[in-house]
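**Student:** Sequence:
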Amino acid sequence: MRREEPVLPGAADEFAKLADDLRAADLALLCTDACGGILFSHIGEAMAGDVAADLRPGQRWLPGRSQIVDKFHCHAEAVPGGDGASVAVLSRSSAASPYAAALARMAARLVAYRAAAAGAAALPEGPELAAHRARLGAAARVCGSDPAMKRNLELAQHLAQRGVPILLAGETGTGKEVFARGLHELSHRYAGPFVAVNCASIPEALIESELFGYRKGAFTGAARDGYRGRILQADGGTLFLDEIGDMPLALQARLLRVLETREVVPLGGEQAVNVDLQVVSATHRDLAAAVRAGLFREDLYYRLCGMLIELPPLRRRADRRALLLRVLAEESQGRAVFAPAALELLDEHAWPGNFRELRNAVKVALALTADDIIRPEHLPPAIGNGAAAPDDERGALLASIERHRWNLSAVARRLGISRRTLYRRMHRLGILVAVDGEHG
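If you're matching positions, the sequence shown starts at 862 in the numbering used here and goes up one per residue.
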């Protein structure tokens, strides 16, 4: 979608005054919204033939595009108060870098000034930014307010933008598919398909044809028109291979070849088909140990594991009460509430089943309550029976206490629980306060 008119009153005119400098210094300048949509640009005559087609208003500016980055130096500056908008200056020579950097800073301040003068709270949205804001909901669902999850997603976004394969590790039920889908929604491939394959749920006899597809007449019982396998279905988007550790050893060599050549040969076919996709895989197993045991190919492991990202279990997430309340709101359409005693039991529970257990517990409680108030007696027995927590819960809690120098009020605030709940959890885990009162 092309913008024919300046999107900010006066700003494009002010930018035009810089045109002589741009031509003289052989530079290109552009202003983008938070999604990378180009709002307006000015390009030096000597550079026009190289970048004009890529930098037209209405297009997306992707700094990772090799044909631009390989040729030019880029200096970017955020627009103050611009809600994610930025200004970028491209220079052909590194000798122009100091001038280009200064120009980027000046242009960013100019855009902010013109926005304020026009009475705008922020720069207008480009054609893709509204859709991008809607996709940010996926990130909120993935990360909640947990700092570790936010760092994980930021790292994964950075790597995926550059095509680095990502391996997600974590216990069953920690939200690996939700994380992968959120990563896809926030990537430059968001308009492409997201195809999820659970390698553990497909019978071994069928997984090859399911992944790689087959041609007409490839085998007895094959569909008349053949089948476009899940890998080719993900072309242009993201392929999520869940439980990759359960993939049969015989098929791992075929998958490795696809990842190395970016080509797929369907069963019964002779012609390779090109495929362009981002691969995100996941496992609850220790794949490195599987490699040592000869159960998983070492070369495939390193091809899949460009970066290993560990998703924390629910019991180690700082925002687990907020997640619990969000699930309750979703399942009850905002009607139900927890009684304080029930909420304390839920706070203390170790959640060995993670999100699946949490959602099931809420569904059970909603089915048993008659007045939309969830009390202890409505919770599944495993939650109220004081079952022992995994060892790492004790270690994680103790580490948090030590980080806060035994200031238990600070620890309780960090965990989003009451001091009474914290004391009960410490008692259950065998963490004793050494003196009467708080340390420090």
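Quick caveat, the hints were computed from the structure, so don't treat them as lab data.
Be aware that a few hints might be false.
Each pair of labels, with its calculated beta carbon distance range [stated by the list, open to error]: (1) Tyr-960 to Ala-1190: 26 to 32 Å; (2) Ala-1243 to Arg-1089: 41 to 47 Å; (3) Arg-1118 to Asp-1233: 54 to 60 Å.
From the three backbone atoms N, C-alpha and C, an ideal C-beta is built for every residue, glycine too.
**Student:** Is it true that the C-beta distance of Ala-1243 to Arg-1089 lies inside 41 to 47 Å, as the hint says?
**Tutor:** holds (44 Å)
**Student:** Given a hint of 26 to 32 Å, does the C-beta separation of Tyr-960 and Ala-1190 actually sit inside it?
**Tutor:** Violated - the Cβ-Cβ distance for Tyr-960 and Ala-1190, about 54 Å, lies outside 26 to 32 Å.
**Student:** Between Arg-1118 and Asp-1233, does the beta-carbon spacing fit 54 to 60 Å?
**Tutor:** holds (56 Å)
In summary, the structure is inconsistent with hint 1 from the numbered list given earlier, while agreeing with all the others.
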